[in-house]
Structure formats: C-alpha cells, structure tokens
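Line by line, the protein sequences give chains S and G. The opening residue of the first sequence carries number 0 in numbering that gives the first Met the number 0; numbering runs sequentially from there. The opening residue of the second sequence carries number 0 in numbering that gives the first Met the number 0; numbering runs sequentially from there.
Calculated from the structure, these hints are not laboratory results. Misleading hints may appear alongside valid ones.
Put simply, identical chains are the same to the list, so a pair is met inside one copy or across any two.
As the list claims (entries may be wrong) - Below, in silico cross-link-like pairs of lysine-lysine (DSSO-like), each with a Cα-Cα straight-line distance of 30 Å or less:
1) Lys223 with Lys390
2) Lys47 with Lys143
3) Lys280 with Lys334
4) Lys223 with Lys143
5) Lys334 with Lys394
6) Lys47 with Lys225
7) Lys223 with Lys280
8) Lys150 with Lys47
9) Lys225 with Lys390
10) Lys280 with Lys390
11) Lys225 with Lys280
12) Lys157 with Lys394
13) Lys225 with Lys150
14) Lys143 with Lys225
15) Lys157 with Lys398
16) Lys223 with Lys157
17) Lys225 with Lys334
18) Lys143 with Lys394
19) Lys390 with Lys157
2 protein chains.
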Amino acid sequence: MDQATIFTSVVNICLLIALAEIASSINARLNIPRIIGPLATGIIFGPKLLGGLSVFGHPLIEYNELVYVFAEVGAVLLLFGAGLHFTFTDLKQSGITSVTVAVMGVIIPYGLGLAASIILGYDWYVGMIIGGTMAATSIAISLKSLDELGKLGSQEAKIIIGAAVIDDVLALSLASVILTVIVTNAQMTITGIMFSLTRTLIVWLVLTIVSVQAIPRFLDWINKLKDRSGHLIEAAAILVCFGYAAFSGNLGISPFVGAFIAGMAMADSLHIDMIREFILKIEIIFVPLFFVVMGTSVDPNAILHANFLLILVLGVIAVLSKLVGCGVPAAWFTKDRTCGLRVGYGMISRGEIGLVIASIGVTYNILPSEVYTAIILMIFITSLVPPFLLKRSYKEDEKSVIELTVEI
Amino acid sequence: MDQATIFTSVVNICLLIALAEIASSINARLNIPRIIGPLATGIIFGPKLLGGLSVFGHPLIEYNELVYVFAEVGAVLLLFGAGLHFTFTDLKQSGITSVTVAVMGVIIPYGLGLAASIILGYDWYVGMIIGGTMAATSIAISLKSLDELGKLGSQEAKIIIGAAVIDDVLALSLASVILTVIVTNAQMTITGIMFSLTRTLIVWLVLTIVSVQAIPRFLDWINKLKDRSGHLIEAAAILVCFGYAAFSGNLGISPFVGAFIAGMAMADSLHIDMIREFILKIEIIFVPLFFVVMGTSVDPNAILHANFLLILVLGVIAVLSKLVGCGVPAAWFTKDRTCGLRVGYGMISRGEIGLVIASIGVTYNILPSEVYTAIILMIFITSLVPPFLLKRSYKEDEKSVIELTVEI
Numbered sequence: 000m001d002q003a004t005i006f007t008s009v010v011n012i013c014l015l016i017a018l019a020e021i022a023s024s025i026n027a028r029l030n031i032p033r034i035i036g037p038l039a040t041g042i043i044f045g046p047k048l049l050g051g052l053s054v055f056g057h058p059l060i061e062y063n064e065l066v067y068v069f070a071e072v073g074a075v076l077l078l079f080g081a082g083l084h085f086t087f088t089d090l091k092q093s094g095i096t097s098v099t100v101a102v103m104g105v106i107i108p109y110g111l112g113l114a115a116s117i118i119l120g121y122d123w124y125v126g127m128i129i130g131g132t133m134a135a136t137s138i139a140i141s142l143k144s145l146d147e148l149g150k151l152g153s154q155e156a157k158i159i160i161g162a163a164v165i166d167d168v169l170a171l172s173l174a175s176v177i178l179t180v181i182v183t184n185a186q187m188t189i190t191g192i193m194f195s196l197t198r199t200l201i202v203w204l205v206l207t208i209v210s211v212q213a214i215p216r217f218l219d220w221i222n223k224l225k226d227r228s229g230h231l232i233e234a235a236a237i238l239v240c241f242g243y244a245a246f247s248g249n250l251g252i253s254p255f256v257g258a259f260i261a262g263m264a265m266a267d268s269l270h271i272d273m274i275r276e277f278i279l280k281i282e283i284i285f286v287p288l289f290f291v292v293m294g295t296s297v298d299p300n301a302i303l304h305a306n307f308l309l310i311l312v313l314g315v316i317a318v319l320s321k322l323v324g325c326g327v328p329a330a331w332f333t334k335d336r337t338c339g340l341r342v343g344y345g346m347i348s349r350g351e352i353g354l355v356i357a358s359i360g361v362t363y364n365i366l367p368s369e370v371y372t373a374i375i376l377m378i379f380i381t382s383l384v385p386p387f388l389l390k391r392s393y394k395e396d397e398k399s400v401i402e403l404t405v406e407i
Numbered sequence: 000m001d002q003a004t005i006f007t008s009v010v011n012i013c014l015l016i017a018l019a020e021i022a023s024s025i026n027a028r029l030n031i032p033r034i035i036g037p038l039a040t041g042i043i044f045g046p047k048l049l050g051g052l053s054v055f056g057h058p059l060i061e062y063n064e065l066v067y068v069f070a071e072v073g074a075v076l077l078l079f080g081a082g083l084h085f086t087f088t089d090l091k092q093s094g095i096t097s098v099t100v101a102v103m104g105v106i107i108p109y110g111l112g113l114a115a116s117i118i119l120g121y122d123w124y125v126g127m128i129i130g131g132t133m134a135a136t137s138i139a140i141s142l143k144s145l146d147e148l149g150k151l152g153s154q155e156a157k158i159i160i161g162a163a164v165i166d167d168v169l170a171l172s173l174a175s176v177i178l179t180v181i182v183t184n185a186q187m188t189i190t191g192i193m194f195s196l197t198r199t200l201i202v203w204l205v206l207t208i209v210s211v212q213a214i215p216r217f218l219d220w221i222n223k224l225k226d227r228s229g230h231l232i233e234a235a236a237i238l239v240c241f242g243y244a245a246f247s248g249n250l251g252i253s254p255f256v257g258a259f260i261a262g263m264a265m266a267d268s269l270h271i272d273m274i275r276e277f278i279l280k281i282e283i284i285f286v287p288l289f290f291v292v293m294g295t296s297v298d299p300n301a302i303l304h305a306n307f308l309l310i311l312v313l314g315v316i317a318v319l320s321k322l323v324g325c326g327v328p329a330a331w332f333t334k335d336r337t338c339g340l341r342v343g344y345g346m347i348s349r350g351e352i353g354l355v356i357a358s359i360g361v362t363y364n365i366l367p368s369e370v371y372t373a374i375i376l377m378i379f380i381t382s383l384v385p386p387f388l389l390k391r392s393y394k395e396d397e398k399s400v401i402e403l404t405v406e407i
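Whenever a hint applies, use it, and build me the whole structure from the sequences.
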C-alpha cells in the first residue's frame, strides 16, 4: 500500500467510526441500546446498500482488509475490557444465589435454543451457535434502567451483577467448546462433547489460576522499569491481551476467551485504573468496527424475506428461557417472588458476547443468512424488553404501597 | 488474512511497542532523549539484525503491511497532536522576538544544510531534505532541562516556546515544498521553487484560516448530537485529522501538514481537553511504530561504514546554525547576551518533525543510505547537547552570583 492508499483506508475507517457513533447517539435518545447503532450502520452502509454506492468510481465505503483487522482487534478489546471489570476474587465471592442464577440462566437458554433449532430443522452446528448466542446476558441495559429507577443498590441488582460475571465466563467457555467442535470436526457424540467441554473448562481454569498469579506480578516488575513519562504498563497490557488471544487460539479455545482471561487477571493488579482508562480510549477506534462488520454480514435481502417464524421462536425462547432460568432460582433463594421476577427481567437482554459468539459462526461460514439475521433481531428484541418490564414492575410496587397507605 | 494471521500480526505490533517503550525507559534513565529509544529498537530489531532471526521458521519480527500502516498513522497523529498544543491565537500573539528567532532559526540552518550538502556533492533533492531536517527544532528536551533547573518561567523559556510554534509551521511548510518539488518534478529554477513555496504558503494560510473558523463550529455542532456516554467528539476529531491528511495530500502539500493544521484548528475548540486526552492515549499504540520503522530504514552496515565527514559536518552545522540563527536575534531583542545564548542552546535539538521530513525522503526513495544514517546521528547529537549547555550556563550564573556575594 502506498501512502495515499493508506490514508484513504484510514479515512474510510474514521468515517465508519463516526457513522457508528452518530447512530449510537440517535439510539440512545430513542432509548434503544447503543450497540444497535453500529450494527445498523453496518447494515445500512454495508457493501450491498449505501456503502456500495459508487462515488467517483469508488464505492462510498470500502470494506478492505484493514477494516477486518480493526474489527477483530475490536472484538478482542471488547472481551479484554469486559475482563478488566471482573476480578477472580469477585468470582470466588459470588453468592450461591448468583452462581445458581448464572448457571441455570446459561443452561436453560442454551438447551432450549439448541433444541428449538434442531426441531426447526437446522444442523447441530447451527444449533450450538444459536444456543450460545442465547446464553450470554448483557446487563448494561438493565443496569442503566435500574440506575434510572434508583434501584442499583437493591437485592435484585446485586444478584444480577454477581450472576453476570459467571454468565459471561460460562457463555464464553461454551463458545470455546463450540469453536473446538467446529474446527476439529469432533464427533458429535455426547461423550465427544462432554470431553471437549471438560477439556476447555480445565484449560480455562488452569490458565485463569496461573494468570491471576502471574500477570499482576509481571506488571509490577514492568512498572519498576518504567520512567515517569513512559507508557510501559499500557504497552505490556496490550501485549499480554493479544498474546493471550493468539495463545488461546493455538490451544484451541477461542481467542476471545484468552483476552477475557487476560483482562480478569489484570483486574487484580495495582495498575488497573491506568489500564482501564487506556483500553476505554483505544476501544473508541476499534470496537465500533466489530459491530459494523457484524452488521455488514446481515444480508439486506434476508431482512425483507426474513423467516418470521424463526425470529418469533428465537425471540420468545430468548425471553422466556432467561425469565425461567434466572427468575426461578432467584425467587427460590430470596423467597421473594417479586425479586425473582425482577432478576429474570434484568437478565433477559443479550448483546456483545452473543454477537462475538455469532461472529464465530460467520467466520467459519456455517450460519445460514436467515439464522444470522434472526439472531441479530433476537438480540435487538431482548434488549428492548427489560427496561419496559423493570419500569412496570417498580411502578406496580409504588402503586401497591400507595394503596396500602390509603387503606391504612 | 485469516484470524490467526491477524492475531500474529497484532502481537507482533504489540511486541514492537513494548520493546520501544523499554528502550525509551532505559534512555530516560540515562538522560538520553526518549525518541532515540524506538529508533534504536528499529535498528536493533530491524529485519537485517535481531528482527530477522528465524524462530520456528518465522522471522522474530515481521515487518508486514500492518506495521507500515500503523507507522503512517503514527506520524499523522504525532503532527496532529503537536498541532493540538498550538492555537492560531498563540501564533498571532507571538512576540516579534519569538517570530524573528523562529524565522532566522529556520532560514539559517536550512540554507547552511542545503549549501553544505551541495558542496559535499549531493543532489539538490537530497540537500533540500537535509536542510529541512535541520530546520525543525524539537523543544521537548530543552523544556525538560529548563524545568529541572527551575527556569521554565524565565524570559528565555518564553522566547523558546513562542518560537517553537512558528518554527514547526515553517519547517512543515518547507517540507511541503520539498514534497511538491519532488513529486511534481518541478523545474529546479529559483522561480520554480519560489512559485512552489508561495503556492504552498498560500494554500497553508487559506486552509488554516478557514479551518480555525470552521472546525471548532463543526465540533460544537457535533457535540449537540452527542449523548452522555457517546464518543462522537473523539470520532469527529480523528475523522477531521485523517480527512485533512488525505485532502492536503491531494492538494500536493504534505499529509502531515494537513494533520498539523487540523490539530491547530481544534486547539481553539471548547472540547480540546477531551480530544487531547484521547489522542495522547491512542498515540501510545501508533507513534512508537513510526519511530521504529524510521529505525529499520537505517542500514546497520551504513553505521559501520558511516561517512564520518558527513556526520561531523551535519552535526557541527546543526549546532552552530541554530546557535547563531536563534541566539543572535534573541540577544539583539533582549539586549542580553546570556539570554540570547540560552535561547540558542535551547533551540539546538532536533527531533520528531525532522524525522517526519526525513521520512518523506525515505518514502520517495531519494535519500542515500549514508545520508539517512547521518541525519539520524545528527538528530541524536543535537538532542544530547542542550541539557549539557543549559546546565553549564546556569551554573556559571550561580557561581558569578556567589562570587559577587563574596566580593560584597
């Protein structure tokens, strides 16, 4: 690439980032989750729609290799950043309620998603990815709603936050298994799958335990080399992040899982604030491109001729499976039906990690276009539901308190 | 590129960034300027030395296209970041002393550099680049020394800071002219050069005046679209930065000048703090690669068989030309010989912008290897000199004050 080509490519990337940010801002005003913004940008400005328009003989937006490199880097940073917010200590201290909510909230959606796909006539492979995208909760939307309602300190909020940590870890481990199965073409026997699952969980656990000990020490040691105005800690952080991504890719577990583990291990370090601030800023240039590229994989024709039965089934299963899988255990442990329901509502929304799992399916070219479209729409539906349900639930609460006061 | 290749390339880049940071830290401890660190990394870990070592059949460090893209982005961000620290208002308010110091401090080194190269038998083209690299001061090192000596508030420090703004602008305009001449193969007549220079200066001035008015308004307008948690301002800033780089590339003035103008225009915006913080963080991943790549262009053989006469001549001219070009006008205006000398000392060091100008020569393949090596060593020499001279000058001051006190 000569200099002029490089600058054209970089301007192209900056344009996509800016379009994605504009779309996110519009969404935030309409109370639609922000991540739908870059996804919609990818669909609308994808090569098959506006992005393909010819301007002076060139397409308006060129999806060249650099865009895909930035998107992959974005997906890794997304999971690294998620890891940076969870310490292994947090994970060990999560109460039995959160653990049960998380485990059931992964198993039930995964099982139902897989079962439904098979009943609808899809391949095992496809079903495993559909199940995976159903498993991972994205609590950002629910937390924002709880915050607006002034309920972030409530028991249900604590259970949701605790469960979300484990939920992510489980969903990503599942993603690794899916990846291993797909890549190695492992036999589709129950034993084969159980073996793969066990192996991945062991690798995950060993890697996490070693990393939690080693990485903070490594950073402390690096910090001794650093002078006042240097950026050695930040450089070491991204080296570890991408080193782990590449290494876990070689181990046969997803690179995204490696990045998540690296992040979790750093969360206990003394230098975590500096690293978080750095990652937050560089995410601005890489992460939107991941979502945009995910959006470009949606075939606009597939939306017009969408399989509405599939979308309906996935949407309903997505909502109900989390409501039951998370709500019932929460109600059981807290002995409070309302609290249980609210935990269920709060865990419904899917997001980034579901998309990362779907991206594995896209990378290996095994998701039929209609299924991919249905997954994107499923994520969209589930992210609209919780704010609405949570608000209604707390309003009823207020009403009954008022009624009670009036009766007295 | 498949996923595994992408991650290998990214790890490769992270490794280079980390090595460059380690080298910078070591330099900072040895009181050698930090930028020598990444340059040395490029030489030592370049494809012809350690970087070319075969590890499992692959070179230890691969200088693929992604590295060059990051390096180009780094050079643009470097000049954009430099621009962010200078407002057009600053430029208009610089005193006559600073303006004269800057102008003479560009003309004399440029003229002497060009003349010396021609006398030494090099081409006009080469001489223009040598002159250009001699013209741009890098005041970071001097400011650090003045800070350590507690003299940042002194008259000489103010003159140096004021002159540095104009110095950068002039040197970059010169770089544009050099580029225009080289690319368009303009006729080497004095008229041709004057025409090119005038044209570039007019384009520069018009672009700057328009941008200083338009860009802050554009950012204010963008800010209205932005929601609380969005990053629209940052996205707009890099879009403008690379848009300007690409656009000024098309206008025939250097893309780096465009980035510098975009930065200067933003410096007056209300959102400057947010933008500066963002650029500082993303520079961490791009800028070291520019210096590393500049280092890889140094042929290790050329160091061993270096043209010591050339290095000596360039080094001496570099030191004397700034000492005279800046020191004499400063002494004239302040009517204080010591102050004049100190301004001269403070303006000696060359750095980033000189390297950017040299990179134009490398990009267009017109700098002989020995000249490039000599330029790098010249920059190295000039950055070692000022701290030493400034310290000695202020010590003599103290000594004479003490002698005076003792005499009394």
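To see whether the hints hold, each was checked on the structure:
In this homomeric assembly, Lys223 and Lys390 come within 30 Å of each other (Cα to Cα) only across copies, at 28 Å, whereas the closest approach inside a single copy is 50 Å. With identical chains, the CA atoms of Lys47 and Lys143 are never at most 30 Å apart, being 34 Å at best within one copy and 54 Å at best between copies. In this assembly of identical chains, Lys280 and Lys334 lie within 30 Å of each other by CA distance neither inside one copy nor across copies; the values are 43 Å within and 48 Å between. In the homo-oligomer, the alpha carbons of Lys223 and Lys143 lie at most 30 Å apart only across protomers (22 Å), although the nearest pairing inside one protomer, at 39 Å, exceeds that limit.
With identical chains, the CA atoms of Lys334 and Lys394 are at most 30 Å apart within one copy only, with a shortest distance of 21 Å there and 78 Å across copies. With identical chains, the CA atoms of Lys47 and Lys225 are at most 30 Å apart between copies only, with a shortest distance of 28 Å across copies and 49 Å within one. For the identical chains of this complex, Lys223 and Lys280 are neighbours both inside a copy (25 Å) and across copies (21 Å), given an alpha-carbon limit of 30 Å. Taking the closest pair of Cα atoms, Lys150 and Lys47 never come within 30 Å of each other, the shortest separation being 44 Å inside a single copy and 62 Å across copies.
For the homomeric pair Lys225 and Lys390, the shortest alpha-carbon distance between copies (25 Å) is at most 30 Å, but the shortest distance inside one copy (49 Å) is not. In this homomeric assembly, Lys280 and Lys390 never come within 30 Å of each other (Cα to Cα): the closest approach is 32 Å inside a single copy and 39 Å across copies. Taking the shortest alpha-carbon separations for Lys225 and Lys280, both the intra-copy value of 21 Å and the inter-copy value of 17 Å come in at or below 30 Å. For the identical chains of this complex, Lys157 and Lys394 are intra-copy neighbours only, at 20 Å inside a copy versus 63 Å across copies, given an alpha-carbon limit of 30 Å.
For the homomeric pair Lys225 and Lys150, the shortest alpha-carbon distance between copies (26 Å) is at most 30 Å, but the shortest distance inside one copy (43 Å) is not. In the homo-oligomer, the alpha carbons of Lys143 and Lys225 lie at most 30 Å apart only across protomers (18 Å), although the nearest pairing inside one protomer, at 38 Å, exceeds that limit. Taking identical chains as interchangeable, the C-alpha atoms of Lys157 and Lys398 lie at most 30 Å apart only when both belong to the same chain, with a minimum of 24 Å there against 68 Å between chains. With identical chains, the CA atoms of Lys223 and Lys157 are never at most 30 Å apart, being 37 Å at best within one copy and 35 Å at best between copies.
Proximity of Lys225 to Lys334 under the C-alpha cut-off of 30 Å is found in neither arrangement, the shortest distances being 53 Å within a copy and 43 Å between copies. In this assembly of identical chains, the alpha carbons of Lys143 and Lys394 lie at most 30 Å apart only when taken from the same copy (17 Å versus 61 Å across copies). In the homo-oligomer, the alpha carbons of Lys390 and Lys157 lie at most 30 Å apart inside one protomer (18 Å), although the nearest pairing across protomers, at 59 Å, exceeds that limit.
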